[in-house]
Amino acid sequence: MATAPKEFRFGNFVGSLIQLILWILVIVTLVGLPLIFILLFYVPLPPVNGEVLTPYLFFSMMVDPTRTIPIIKFLIHTDLFRVAVFPGFTYAALIAAATIFIERKFLAKMQLRIGPLYAGKIEGILQLIADGLKLISKEIIVPSGADKPIFWTAPVAFVVTAAAVVALIPAAPGWVVADLDVGIIAIFAFLGFFPLIALLFSWASNSKYPFIGGLRALHQMIAFEIPFILSALSVVVLSGSLNLTDIANAQHPYWFVLFLPISAFVFYISSLAELERIPFDLPEAESEIVAGWLTETSGMIYGLIQLGTYVKLYALAALFVILFLGGWSGPQIFPEEIIPGYTGDKIYNAATINAIFWFTLKTLGMIMLILLPRGINPRIRIDILLHTGWYKLIVLAFINIFVALSLVYGGILGPGGLLSA
Amino acid sequence: MDNLEQKFNETIKMGLDIVKETEEDRLMTLSVGPQHPGSGHFRFTIKVDGDYIVYCDPDPGYVHRGEEKMCEYRNFIQNIPHLERPIIHDSTNITYSYSLAVEELANIQVPLRGQYIRALASELNRQVYTLYWLAIYGIFLGHSTMFMWPMGDRELFIDLLEALTGARVTHAFNIPGGVRNDIPEGFRDRCLRQVEYFEKRLTEYEDIFYNNPLFRQRTEGVGILTKDNAIKLGVTGSVLRASGIPFDVRKAEPYDIYDQIDFKIQYMKTCDSFARSTVPFLDMKESCHIIRQLLDKMPKSGEVRAKLQPNPKGPPGESYKRVESGRGALGYYIVSDGTPKPYRVKISVGSFRNMLALPFLLVGSKLADMPSIYWSLNYWPVEADR
Amino acid sequence: MSAGQSDTQSGSEQKKTDSDSTQTSVSKKTEIVVPKFEQDLVNKIVSGFGDKIVQVLHVRRGRTKIIVPPGQIVQIATFVRDTLGFDHAESVSGTDYPKDNQIEVIYHLGSYSVDDLSSQILALSTRIDRNDARLPSLINIFKSVEYHERETFEMLGVYFEGHPRNERFLLPEDWADIPPLRKEFRIKGR
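Residue numbers (the working numbering), protein chains in the order written: chain A, 6 to 426; chain B, 292 to 677; chain C, -15 to 174.
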């Protein structure tokens, strides 16, 4: 960035363009075409206008783009797309990356400063890429005496578990990676892995400060799992099903947060504790136990754990939205057809786009709410935390379960009730 | 295993302080050492039983520079720049006391306007130091806003001090005989404006920091230092005033023009960490009143520095003078033997005296209370080491 | 010109105690007015122990200095604490006088509990032989001297009998030279 640019010469510019074209041609012929042939041999693609798709037909689509629509439609509905792009990994990773950036800027504004400013042209928007590159280039130091298999696999397991939780969250009706009938229970089963991973990793680090941090993480996460489950239980009582898509659909006229505000509150506090966010960031208390169970992480291991943490943040925020805020329901603001009068195949589905829009908006709002206490509160102490988790939150969650039960048995909500659709 | 035994024997022979832990030993030894985000340039070794601290041993000396020995090699005026370094933020106070002692030894009269400017710089420095201390307290408790806001507001005072003295920290402003230069044009209005803005900010601090239920939960009832213990341990400064003893050197033995300034000693009776963190905040509020009075009562013109010979010296004698700095009573004991260089300089700093309370308070408390107790003792590691 | 028996530092005459010090000594005046309150304090100590043991070195406003033999320092310190009301040590320091072959250890004592004494500092000093520097520790009387005495031990080589830890404090553990505040220790390069 501090070097003077070379002087511009038109001949060099033309030469570089020709080089680019040469390389594109070489790669397409030597690598691209064989790949297409192999793909078409193994992947069954739908016929277009009654003809089987061949590579030559594929190239002719450049002339008439509408012919590509059935292919795209087919690809969108495959499993691979769901896992990799939406609502799976890419969507979660993008929201996680956006969350990290929003967090830094949001906190900065609260603290009367600016936040990342220099990376990228607009207000430091490429800061994440800079951080990612930095983390990749750092040396991973494994402490002597550390338990190497667990040390290397625990961060990967962390990301994998977080991704597993994301896989169960529906982002739009019909769009979920794994549609289980026992969705909620599966989510809590996955969340129960996290204390174990934290403890294993802290033990494998073979050092005193991670040891204390791991024990604290264990205490904290286990203490808050029960209020978590109990608050979700009240939602299950009201909606009558464990499937997440059904729960989101059951909130059609009224969102559950209106009937279960206390449960929503308990769920919010418990998710702050699960995510180890301030004010509950004892396991990583910087001034007391250096960095808690993350002390010995460096380089990409730290990067993986941060990625896992923010993916988990997205997952829990999305879960809150589905359980309490009505999932994807919202007024229809997208028009039925974007090109009026078009009668052929189309991939634009107004209801789905609307659902995705409202879901993303609510999730982002919930994420901001989770980020907010970081600017306001100091860290809590372990005995106050355990007292809160085991006594106060369980009592509050029970109160709302009774409220939910009385609503269902009173015939107001639930199947066949007065207020349900 | 033999290799390990050998290594342990070697280190014990070298006189280092490593405790060997056996398997059946419940206690875990932690070194809250110099490489720790929660300790500063200071180390204390603690032994932890579960979550409770059972033993604490402070180990200062990581930044020991031999200030007292260095003073014997330079004359009275040459000593000022290096004497400021132990406490860079509050540097006018540590040289204020030195200047008072030298003035008594060499019988130098300071002009009145110089005395007022000295006191003004001292009060501004007190604000700067207390804000820095408050910011670090925020980090220790995990409250990042409590770190950012005081640091931001501190910049206002540092700008004022830069306009007054020419440097942001370590101003080298006090010299025996007065101050180095007069206040610039427009300083008075600027200073009054900043002080007014700062008082508004202090009310905001009160809302978000001191009325925050989590902050209160972490500091109330923690690290109780009763009045008798505070007297016996000889602590000083805000730690003493938080245990119910209204002692302030500016009121007990007023130096310079402090007997003409009207202010109240801020003290609290609850003796816990919350009191120790609130007393400096109240001191800051009081300091704003003092700054206003100083600016009003300052004589409109006059010399700011006494005329001195190039190597000031006085007859053989000794002198002990103390000043209220951000940490407590800062005393200088200077022995002069008639030459321009002092014979012996002993600095008695508030941090060193307050360090005695650290093992006393930490033993029996929880590990999570360690930062809130340690930093509430207003301990500045560099100053204690000199 | 007198060496400033009265404190002419500030321009005010106001005091917290009922002493009445000072005249501004204009040149050639050698009239020394000794402050009354401080003189009373010292007289109490002298009358308690006798002239031979307690020697008064100077009496100024707010500062008094007495010198006692090292064997008597514990009793005098107890007397000062119990009868007079000084309850903590502001500082403990040592000065090396190679010409007299002595080290002077000086305790500056202050008081928080007695209001009248809040501006007073009593300097209790003693001189010990340089080559065999031992002194009974005052730690059982004033707990606040613990770290100061330890620092004096390592900086000057004065062994305090009764102090639980005569060890390195500020100096590094591998310090192999003589105690640094002794006059024969020269800073390298000066």
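Hints listed in this document are in silico derivations from the structure and should not be mistaken for laboratory results.
None of the values given here were measured: they were computed from a predicted structure.
The beta-carbon is built from N, C-alpha and C at its ideal position, and this holds for glycine as well.
Errors might be hidden in some of the hints.
What the hints assert, rightly or not - Computed list of chain B residues with no C-beta within reach of chain A, every gap over 10 angstroms:
(1) D342
(2) H434
(3) G443
(4) P475
(5) Y488
(6) F506
(7) Q508
(8) R583
(9) M589
(10) Y634
(11) D660
What the hints assert, rightly or not - A few chain C residues facing chain B, derived, Cβ under 7 angstroms:
(12) E74
(13) S103
(14) I123
(15) N124
(16) K127
(17) Y143
(18) H147
To be verified - When the alpha-carbon atoms are kept at most 20 angstroms apart in a straight line, the in silico SDA-like pairs for lysine to any residue are as follows:
(19) K83/C x I112/C
(20) K213/A x Y343/B
(21) K213/A x Y364/B
Going through the hints against the structure:
The Cβ of D342/B sits about 7 angstroms from the closest Cβ of chain A, inside the 10 angstroms cut-off, so the non-interface label is violated. A cut-off of 10 angstroms between C-beta atoms contradicts the statement that H434/B is not in contact with chain A; the least separation is 4 angstroms. At roughly 5 angstroms, the least C-beta separation between G443/B and chain A is not larger than 10 angstroms, which violates its mark as non-interface. Every Cβ of chain A is farther than 10 angstroms from the Cβ of P475/B; the closest lies at roughly 28 angstroms, confirming the non-interface assignment.
Y488/B, annotated as away from the interface, keeps every beta carbon of chain A farther than 10 angstroms; the closest lies near 13 angstroms. With a least beta-carbon separation of about 5 angstroms from chain A, F506/B fails to lie farther than 10 angstroms from that chain, contradicting its non-interface assignment. Not every beta carbon of chain A lies more than 10 angstroms from that of Q508/B, the smallest distance being close to 6 angstroms; the non-interface claim is violated. Listed as outside the interface, R583/B is consistent with that label: its C-beta sits roughly 25 angstroms from the nearest C-beta of chain A, beyond the 10 angstroms cut-off.
At the 10 angstroms boundary, the C-beta of M589/B stays outside the reach of chain A, the nearest C-beta of that chain being 33 angstroms off. Y634/B, annotated as away from the interface, keeps every beta carbon of chain A farther than 10 angstroms; the closest lies near 43 angstroms. A beta-carbon of chain A comes within 10 angstroms of the beta-carbon of D660/B; the shortest separation is about 7 angstroms. Hint status for E74/C relative to chain B: holds, with the closest Cβ pair at about 6 angstroms, below 7 angstroms.
Among the interface hints, the one on S103/C holds; its C-beta lies about 4 angstroms from the nearest C-beta in chain B, closer than the 7 angstroms criterion. The beta carbon of I123/C is not positioned within 7 angstroms of any beta carbon in chain B (closest approach about 11 angstroms), and the interface hint is therefore violated. Of the supplied interface hints, the one on N124/C is violated, with its beta-carbon coming no nearer than about 11 angstroms to a beta-carbon of chain B, more than 7 angstroms. Annotation: K127/C was flagged as interfacial toward chain B, and the flag holds, the nearest CB pair being 5 angstroms apart, inside 7 angstroms.
A hinted interface residue such as Y143/C counts as satisfied when its beta carbon comes closer than 7 angstroms to some beta carbon of chain B; here the least separation is about 18 angstroms, so the hint is violated. Because the smallest distance between the Cβ of H147/C and any Cβ of chain B comes to about 13 angstroms, over 7 angstroms, the interface hint for this residue is violated. Simply put, K83/C and I112/C have alpha-carbon atoms about 13 angstroms apart, close enough for the 20 angstroms limit, and the pair holds. A distance of roughly 15 angstroms separates the Cα atoms of K213/A and Y343/B; the hinted pair therefore holds under the 20 angstroms criterion.
Annotation: proposed proximity of K213/A to Y364/B is violated, straight-line Cα distance about 46 angstroms (limit 20 angstroms).
Of the numbered hints given earlier, the model fails hints 1, 2, 3, 6, 7, 11, 14, 15, 17, 18 and 21; all others are met.
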